[in-house]
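Protein chains: 2
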Amino acid sequence: MAITPYKQLETEWQRLHAFSGALSLLRWDAAVMMPRGSSDVRGEQLAAIETEQHALLTSPKVSRLLERAKAGAGELDEWQQANLREMSRQRDHAIATPVSLITRLAHATSLAEVRWAEAREKQDFAIFAPHLEEVLHLVRDRAALLGQALGLAPYDALIDGFTPGLRSAEIDTVFRAYSRRLPALIREVIERQAARPPLPIAGRFAAGKQRAMIVEVMKAFGFPFDRGRLDESDHPFTEGVAGDIRVTTKLDATDPFKGLLAALHETGHALYDLGVPREWRTQPVGKERGMALEESQSLLIEMIVCRSRPFLHYLKPLLEKHFSVSGPEWEVDNLYHVLTQVRRGHIRVDADEVTYPLHVVLRYGIERDLLEGRLAVRDLPEAWNNGMLERLEVKPANAAEGCLQDIHWAHGSFGYFPSYAMGAAIAAQLHESLRSRTPDLDEHLARGDFSVVTRWLAEHVHAEGARLTPPELMKKATGKALSAAAALRYLEGKYLEDAR
Amino acid sequence: MAITPYKQLETEWQRLHAFSGALSLLRWDAAVMMPRGSSDVRGEQLAAIETEQHALLTSPKVSRLLERAKAGAGELDEWQQANLREMSRQRDHAIATPVSLITRLAHATSLAEVRWAEAREKQDFAIFAPHLEEVLHLVRDRAALLGQALGLAPYDALIDGFTPGLRSAEIDTVFRAYSRRLPALIREVIERQAARPPLPIAGRFAAGKQRAMIVEVMKAFGFPFDRGRLDESDHPFTEGVAGDIRVTTKLDATDPFKGLLAALHETGHALYDLGVPREWRTQPVGKERGMALEESQSLLIEMIVCRSRPFLHYLKPLLEKHFSVSGPEWEVDNLYHVLTQVRRGHIRVDADEVTYPLHVVLRYGIERDLLEGRLAVRDLPEAWNNGMLERLEVKPANAAEGCLQDIHWAHGSFGYFPSYAMGAAIAAQLHESLRSRTPDLDEHLARGDFSVVTRWLAEHVHAEGARLTPPELMKKATGKALSAAAALRYLEGKYLEDAR
Chain A
1 MAITPYKQLE TEWQRLHAFS GALSLLRWDA AVMMPRGSSD VRGEQLAAIE TEQHALLTSP
61 KVSRLLERAK AGAGELDEWQ QANLREMSRQ RDHAIATPVS LITRLAHATS LAEVRWAEAR
121 EKQDFAIFAP HLEEVLHLVR DRAALLGQAL GLAPYDALID GFTPGLRSAE IDTVFRAYSR
181 RLPALIREVI ERQAARPPLP IAGRFAAGKQ RAMIVEVMKA FGFPFDRGRL DESDHPFTEG
241 VAGDIRVTTK LDATDPFKGL LAALHETGHA LYDLGVPREW RTQPVGKERG MALEESQSLL
301 IEMIVCRSRP FLHYLKPLLE KHFSVSGPEW EVDNLYHVLT QVRRGHIRVD ADEVTYPLHV
361 VLRYGIERDL LEGRLAVRDL PEAWNNGMLE RLEVKPANAA EGCLQDIHWA HGSFGYFPSY
421 AMGAAIAAQL HESLRSRTPD LDEHLARGDF SVVTRWLAEH VHAEGARLTP PELMKKATGK
481 ALSAAAALRY LEGKYLEDAR
Chain B
1 MAITPYKQLE TEWQRLHAFS GALSLLRWDA AVMMPRGSSD VRGEQLAAIE TEQHALLTSP
61 KVSRLLERAK AGAGELDEWQ QANLREMSRQ RDHAIATPVS LITRLAHATS LAEVRWAEAR
121 EKQDFAIFAP HLEEVLHLVR DRAALLGQAL GLAPYDALID GFTPGLRSAE IDTVFRAYSR
181 RLPALIREVI ERQAARPPLP IAGRFAAGKQ RAMIVEVMKA FGFPFDRGRL DESDHPFTEG
241 VAGDIRVTTK LDATDPFKGL LAALHETGHA LYDLGVPREW RTQPVGKERG MALEESQSLL
301 IEMIVCRSRP FLHYLKPLLE KHFSVSGPEW EVDNLYHVLT QVRRGHIRVD ADEVTYPLHV
361 VLRYGIERDL LEGRLAVRDL PEAWNNGMLE RLEVKPANAA EGCLQDIHWA HGSFGYFPSY
421 AMGAAIAAQL HESLRSRTPD LDEHLARGDF SVVTRWLAEH VHAEGARLTP PELMKKATGK
481 ALSAAAALRY LEGKYLEDAR
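Residue numbers (the numbering used here), protein chains in the order written: chain A, 1 to 500; chain B, 1 to 500.
The reader is advised that the hints may include incorrect statements.
No copy is singled out in the list; a pair is fine if it fits within one copy or between any two copies.
In silico SDA-like pairs for lysine to any residue, Cα to Cα no more than 20 Å straight-line [claimed, not checked]: (1) Lys219 x Gly37; (2) Lys219 x Arg36; (3) Lys7 x Glu44; (4) Lys219 x Gln81.
By construction, these hints were calculated from the structure, which means they are not laboratory data.
Bear in mind that the values here come from a model prediction, so they are computed numbers and not experimental data.
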């Protein structure tokens, strides 16, 4: 029997998968191992493989095969059909933007990134404004073309590039709920916490000892060190593929929790990447389902599982063993208060889980207004500052701690921010479902038996690969529509009622 | 003006260069960083990029462009013509062997490598013999096809794949001279050395201190740590490209010289790769000129420059500083004797520079006889043992320390061995020329001023890129035809006359 068009497509995607793995390793190396002076050389290598990948994805051959495979889709099983859908989606995304526009965007964003850094350093938005203007024009063109090709509104088309199948309608529902409840909750939590400030953690914590403890905890979560690595980099990240997964963290010599929690955040990502169905690992349907779900996995581990009393019961003897610490500040209750302090701050990446969603809600509103022409670039700083005041009751002293704090827009990454806060909502909803079916969850965590968490996630999230949209997946995993309800219940429970 | 076919070819080779750099990084990572269990994944990535590279090199487009560029070669300058010649040579090599034969070779050699390891462990040649037979058949086919395509004798075609432009006629001349002189020289040297055995070096030398000393010495040789790395691996090697060059070494806790000299050997390779003309770095003419010349650069640094009294005068205070050592065994004269001991041994990779060429001469004769049908695989162990007895007056106790010691033939690498010993001849001839023009060479070395060596090599060897054949390059650099004369003068001078 002749090989079917669908099977031929699988072979093409195996090559794309191998290219992706190579690219991922080249990026990992650039951040972790590469000599400082070698970025020009690495840029050439990345560009050559990316070009090849794009050429393959947009080739007439692949388009022809997709046509023919769709015509015969009735013969395919459910997973194959989902795989074909994902292939088609990837091709549509790749082909929708002409190479000339991609090139112009690449030039504009690389210049904008430089000027953004300069503007931030000099706290002068005017340096960045014309470049953001240029990037915004090009992103608008791109969003329009993508939207046309995918049959989506322009902004939804951008979101779809980061979290396939997620739409702004779902984001609006979740973010409206956040906006309604969080400002009052924050006020209340801060008031309560002010009444019982935790004892501070002080000391020097040697890098080697921190690494040893982190490895021990990661092993308890099932991170496979025979097929993965832990290293250090300026910004923690996860790269690689199932079969060779690499996470990084950043250690702080004065704080034994920063490096640990960053590594566990990345471990959440890694476990997702490792948990997708093994037999589909080279195919689009055998990948994680986009940024929002990725972030849900990392936040569920870092924020919900690890910033909890049961986890700290498990961790306390490890802290004592690795750092020989003792005293009242190292008791579980105090550590818990240290790791769950809520503060109104200017900077998103430093925010706790209660204030964090509002940072994202602000960016979401602003980037839609920018993209859809309701806000002019020159008015961005004012809109930002007003939004911060309204939502978090703080006013940035300058643009560097205001609208210049994140690189995303200089990058051209519009539609990316919502995944962060959507991830938190998804994490809480998954956790609520897991907990309702696992009454003794906390006892497991306190013993360091995390398999009860990781197995549930593997079964209900990871094993689905990219077969479903995030709303479909949530319905299947939790029996409920995706909403902010669980997230708000979780935050209220943790930060108000759980005031032991 | 339209872009010329030649210029289009340069663009294609820029892509091939980027792919090579990516492959090199993936190989480096596999040997130095990759988790143990991930070789399957890495294999997929390497294969995908290699396939792409091969497809590009053998594409009808490239063939057409080569035709048209050759027709207009009169318009090109000397370097461009040489570049076009190299492009053509690479394409001819790639296209001469059908993909089906490459696939069969890949399967046969990967099986043969496994059986070779088993046979070596069990000291039983019979386990390996049928697999070597199969590999040999396929290599013979490949050599015949390559020879036809390149207009060369089959064995010469194989050599050309490792050291372009080197022919067996030149190897014969050099190896005959080695065979005539070395056996007697070895006898004489061993007799002299027996009269003054060096004091042994003993102690434990911490890895961190060894690394610090090695980095200091590599810096003195001009290794660019802002665009390169030093790491450890099971077998020392050099990977990467000019702009991101990576060498490895293997440390021995009981011997501070092994790791140092291995790193300096690799530094010789790295300096060559870095010294090729910058403006041609992405093109075939801007690469090193094959294995024999590569090996000449590493041997010149490791064996000639660093196993010398002047270098040890430079090194002695570094040893004292890094390891706090002192005593008669650490005096320059004793160290020199330790590092220049000559021993009759069975194992090539452990051999000193006086006996080493005979190990290679033996393999060269045997692999030609195998390939050209004068020696049957079943008679290999006997031919080997007789050859060792005749040349080095030792008889291997078993096949593991005899004809099973090297993996090369299992690999299908016929025509590779001669580069090792040709490299030694080239190194000595270059060194003689350098020394004749630099009367105060030893004073420079003793001060740790190695630029007098590296600048001369950069000018006379590295800057030529791949423009000349090795014999042409030797004529230009030294004014003399390539021969073993300088190597024999060097060995006699060092091991007989220089008996201070």
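Verification of the hints:
1. Taking CA atoms no more than 20 Å apart as the test, Lys219 paired with Gly37 passes between copies only; the shortest distance there is 16 Å, against 35 Å inside one copy.
2. Taking the shortest Cα distances, Lys219 and Arg36 sit within 20 Å of each other only across copies (16 Å), while inside one copy they are farther apart (32 Å).
3. In this assembly of identical chains, the alpha carbons of Lys7 and Glu44 lie at most 20 Å apart only when taken from different copies (18 Å versus 32 Å within one copy).
4. When the C-alpha separation of Lys219 and Gln81 is checked against a cutoff of 20 Å, the pair qualifies neither within a copy, at 36 Å, nor between copies, at 58 Å.
Figure legend: structure checked against the earlier numbered hints; the only hint not met is number 4.
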